[in-house]
Amino acid sequence: MSKHYQIVVVGGGPAGLAAAIKASQSAGVSVLLIEREARLGGILKQCIHDGFGVVRFGEKLSGPEYAERFIKQLAQTGVTVSLFSYVTRMRRGDKGFDITYVCKDGVQNVTCDKIILATGCRERTRNAIFINGDRCAGVYTAGAAQNLVNILGVMPGKRVVILGSGDIGLIMARRLTLEGAKVIGVYEAKPTPSGLTRNIHQCLHDFDIPLHLSSTVTRVFGTNRLESVEISKVDDKMRPIEGTQTTVECDCLVLAVGLIPENELARELGVPLDNRTKGAIVDQNCQTLADGVYACGNALHVNDLVDYVSESGETAGGAAVAESKRKLVPVTLQGKLLYAVPQRLDVNSDLSKVIMYFRASDELSQQRLTVSVGGKTAFTKVYNKLLPPEMERITLDLTGVDLTDGEVTVKLEDK
Amino acid sequence: MEMVCIVCPNGCRLDVERADGQIKVSGNKCKRGEIFAVTELTNPMRSVTSSVATTVAGYPVVSVKTDGEIPKGKIFDLINLLAQITLTQSVPSGTVVARDVFGTGVNVITTTDMEVTNE
Ligand SMILES: Cc1cc2nc3c(=O)[nH]c(=O)nc-3n(C[C@H](O)[C@H](O)[C@H](O)COP(=O)(O)OP(=O)(O)OC[C@H]3O[C@@H](n4cnc5c(N)ncnc54)[C@H](O)[C@@H]3O)c2cc1C
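So the protein sequences, as listed, match chains A and B. In terms of the working numbering, the first sequence has 120 at position 120, counting the first letter as 1, and numbering is strictly consecutive. Just add 1000 to the spot in the second sequence (first one is 1) and you have the working numbering.
Bound-form chain B, shown alone (with noise of 0.2 Å):
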C-alpha cells in the first residue's frame, strides 16, 4: 500500500507491505520514514498546533503546540480541553499551559514571545 510521510515537508511517498506481521517499508529518505509507517497503521500520533486565550493586552490569543505527539483520536479532545484555558499573564514562548495530556506525557507549550510587547 502506499503512503505519505507527514514527518517533514519532504513528503516521502512510502511503498509499505505488510507480510506475516512484519511492516517493510521502501521509499523513505530517513529513518522516520519507517517509524511514521509503522505507527500510522498501528496507533497513528499527530502533532497539534492550535492556541490559547489570554487576557493580556495585544494578545487575544497566543500559539501554542504539544511537546510531543499524541494519538490522532486525542485532537478533538485537546482542543477542548485548550478552549477551557486562559493565560492572565504575559509569559516566554515554550510556557507550559497544560501538563502531561491524558496521561500521554505530551505537555502543550506556548511558541509566541509575549514579552515582546503588540501594541
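One chain only, chain A, in its complex shape (with noise of 0.2 Å):
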C-alpha cells in the first residue's frame, strides 16, 4: 500500500521550502517535499550574485544564503523531504491524488490530500524564438551557463554575445566577464532595457559592455562550434529590418530571453491556466481551480523578487492544512495591466489581507490603481512610476464588502 500524506509539495526551490515549512507549523500535518535534484534550494544555488532577501531579512543575501535559512529552518520540522526525486504523474484518486515518482529506489507512489506546485519556471529557448541558421555547439540558455559557471566550474565561451536584457542576462554579462571571458554585447530587440536599472549600472556600465536596444540575433553560424552570428535592427514591432544585418564573431549565444512557469504537471490535473500568466489561475489562497491543487512561486508566475517566491509559498501552505468549500469570484482587469495575481476571490475564506501582485502592461508614470467592488472603490494608490520588470505587491482589506454579487475589477488609468 503506498503511504498517505496530507500534503505533498513538488519542488523543493524557495517556494516549495517555504509551502512545506509553513504546513508543517499546522499540528500533525504530515508533508512531503519532493525535489528532483541532488540538493534543496532550487535555482537560487546558482544564483550566487547577492541581492535576494531585501525585503524580507533586509539584507542582501546572495541565492544560496537566502536558500540556506529556509533549509535550516525546514530541517527542523518534521517534514519528510525526498531528493533525486522527479514527479512523473499526478492523478485525482480515491485518496484524493495519486502521486508517481522516480528516484534512487525506483518507482514510487503515495497518496496525499493536497498538492501544492512549486516546480518554478522554464527558459525560454532557440526554438522558442525562431533563430534560424546551423546546429552547432555553443547556444546556451542563459540559466544553463550560470550552472556551467557557478556549479561546474566550467567556461561556455571566449566570446560572448547575450540575447535579451533582463536580470538574468546582465548577471550573467558581469559573471562572464569576472571570469574571463569577452562579453562583445548584450542585445535587446525592445527599445528599453528588461532589467533592474540597478543591474545595468552595476553589470554592465561597471564593466563597460555595450547594450544594443531595438536589436536582436537573426542567425546562428558554426560548423562543429558556433562562430558568428548575425545582428539585425528591428523596427518598433520587433520585425528585422532587411539591410541592417552585421556579423559579429563569437564562440557562444548565451538566450536571456525569458521564463514560463513550469506547468506540465499542473495541465496534467486539469489546472485551468491564465493565458497572461502562463501559470495557473489562482484565487487569494494560491488554490488553483482545481480543488486540492496550489501552485505558488514561479510556477504561479514568474517573479523578480525572490521575497514575494516565499511569501506565496507560506500563503500555500498556510492554506492548504485548512478545509473550506470556496465560492470564488472573478477579478477583472481594465487598463494598462499586465496581470494580476490572484485572479478569483474566495468569498468564504479570509479577507481581510488580500495580497495582490500585478505589472504594467508598458513603462507609465503618474497611475492610479483603483480596486472596485460592485462600482465601489476598496482601495487605490498613485504610483508615479510603473515598470513591466518591476513587480507591484499590493495588501487589500476586504472584510466588510459585499464581494457575493458585486464583480471586482482591478484598474490603472493615467491619474
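No lab work stands behind these hints: they were computed from the structure. Bear in mind that the values here come from a model prediction, so they are computed numbers and not experimental data. Think of the CB as a built atom: it goes at the ideal place given N, C-alpha and C, for glycine as much as any other residue. Mixed in with the good hints, there may be bad ones.
[Said to hold, decoys possible] Short, incomplete list of chain B residues facing chain A, as computed with Cβ under 7 Å:
#1 V1004
#2 I1006
#3 C1008
#4 G1011
#5 S1050
#6 P1060
#7 V1061
#8 S1063
#9 K1065
#10 I1079
#11 N1107
#12 T1111
#13 T1112
#14 D1113
[Stated by the list, open to error] Calculated lysine to aspartate or glutamate pairs in the DMTMM-like style (CA-CA distance at most 25 Å, straight line):
#15 A:K415 <-> B:D1015
#16 B:K1029 <-> A:E392
#17 B:K1072 <-> A:E59
#18 A:K60 <-> B:E1069
#19 A:K158 <-> A:E59
#20 B:K1029 <-> A:E59
#21 B:K1031 <-> A:D307
#22 A:K60 <-> B:E1040
#23 B:K1029 <-> A:D304
#24 A:K60 <-> B:D1020
#25 A:K60 <-> B:E1034
#26 A:K336 <-> A:D362
#27 A:K385 <-> B:D1015
#28 B:K1074 <-> A:E179
#29 B:K1072 <-> A:E179
#30 A:K182 <-> B:D1077
#31 A:K385 <-> B:E1034
#32 A:K190 <-> B:E1002
[What the hints assert, rightly or not] Here's a subset of chain A near chain B, in silico, CB distances under 7 Å, partners left out:
#33 D50
#34 P64
#35 L178
Two chains, each in its own frame: build the complex with the hints.
See below:
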C-alpha cells in the first residue's frame, strides 16, 4: 500500500521550502517535499550574486545564503524530504491524489489530500524564439550557462554575445566577464532594457559592456562550434529590418529571453492556466481552480524578487492545511495591466489580508490603481512610475465588502 | 546629475547636485541612497560575488562573496586572487577563504554550505 501524506509539495526551491515549512507548523500535518535535484534550494543554488532577501530580511544575501535560511528551518520541522526524486505523474484518486515519482529506489507511489505545485519555471530556448541557422555547439540558455560557471566551474565560451537585457542576461554578462570571457555586447529587441536599472549600472556600465537596444540575433553560423551570429536592427513591432544585418564573431551565444512557468504537472491535473501569466489561475490562497491543488512561486507567475516567491509559498502552505468550501468571484482587469494575481477571490475565506501582485503592461508614469467591488472603490493607490519588469504588490482589506454579486475590477489609469 | 542607487533592488533614481564642495542628494527612499551617491562620486565601492575551486567531491567550485565593499578598481585584482585559492575540505557557509583583502579589512567568505552532499 502506498504511503499517505496530507500534503505533498513538488519542488524544493524557495517557494516549495516556504510552503512545506508553513504547512508543517499546523499540528499533526504530514508533509512530503519532493525535489528532483541533489540539494534543496532550486534555482537559488546557482544565483551566487547578491540582492536576495532585501524585503524579507533587510539584508542583501546571495541566492545560496537565502535558501540556506529556509533549509535550516525546514530541518527543524517534521517534513519528509525526498531528493533525487522526479514527479512524473499526478492523478485524482480514491484518496485524494495519486502521485508517482522516480528516485534512486525506482518508481514510488504516494497518495495525498492536497498538492502544492512549486516547480518553478523554464527558460525559453532558441526554438521558442525562432533563431535560424546552423546547429552548432555554443548556444546556451542563461540558466544553463549560469549552472556551468557557478556550479560546475566550467566556462561556456570565450567571446560571448548575450541576447536579452533582463536581469538574468545582465547578471550573466558580469559573471562571464569576471571569469575572463569577453562579453561583446548585450542585445535587446525592445527599445528599453528589461532588467532593473540597478543591474544595468552595476553589471554593464561598471565593466563597459555595450547594450544594443532594438537589435536581435537573426542567425547563427558555425560548423561544429558557433563561429558568428548575425545581428539585425528591429522595427517597433520587433521585426528585423532588411539591410541592417551585421556579423559578430563569437563562440558563445547566451539566450536570456524569458521564463515561462513550469506547468506540465498542472496541465495533467486539468488545472486551468491564465494566458497572461502562463501559470495557474488561483484565488487569494493560491488554490487553483482544481480543488486541492495549489500553486506558488515561479510556477504561478514569474517573480523578480524571491522574497515574494517565499511569501506565496507561505500563503499556499498555510491555506492547504485548512478545509474550505469555496465560492469564487472573478477579478477583472482594466487598463494597462499586464496581469494581476490572484485572478479569483474566495468569498468564503479570509479577505482581510488579500495580497495582490501586478505588473503594468508598459513603462508608465503618474498612474492610479483602483480596486473596486460592484462599482465601489475598495482600494486606490497612485504610482509615480511603473515598469513592466518591476512587479508591484498591494495588500487589500476587503472585510465587510459585499462580494457576493459585485464584480471585482482592478484598473490602472492615468492619474 | 542623475544616478541610480545600486544598494538594493529598489534602484532609486537619485538626483545628485554638487554645489560648493557639498553633495546634495534627492530621490532616495532611504539614508543608504545618500551615502551611496557620495561614495560613488568620491570613491566608488562594490561588493563582489564569485566562486573558488575546491577538490571536494560534488563541488568543483563553491560560491563566495566579500563580506563588505571593496574599491571598484580592485574587482579584477580580487578575481585574480580568488583564482589562486583551492579549498581542499568541505566547509560550512560563512567560512573565510581570504582575509583582509588589499588591506581593506574586508574578508571573502563562502556562501554555500558544503556540508550538504552534492552527489
Ligand atoms: C539568473 C537569475 C537571477 C535572479 N536574481 C534575483 C535577485 O537578484 N533577487 C531576487 O530576489 N530574485 C532573483 N531571481 C528570482 C528567484 O531566484 C526566483 O524567483 C526563485 O528562485 C523562484 O523560486 P521557485 O521556488 O518558484 O522556483 P525554483 O527555484 O526554480 O525551484 C523549483 C524547484 O522545483 C524542482 N522541480 C521542478 N519540477 C519538478 C518535478 N517534476 N519533480 C521534482 N522536482 C521538480 C526543481 O528542480 C527546482 O528545485 C533570479 C532568478 C534567476 C534565474
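For which of the previously enumerated hints does the structure constitute a violation, in increasing order of number? Checked against the structure, the hints that fail are numbers 11, 19 and 24, while the rest are satisfied.
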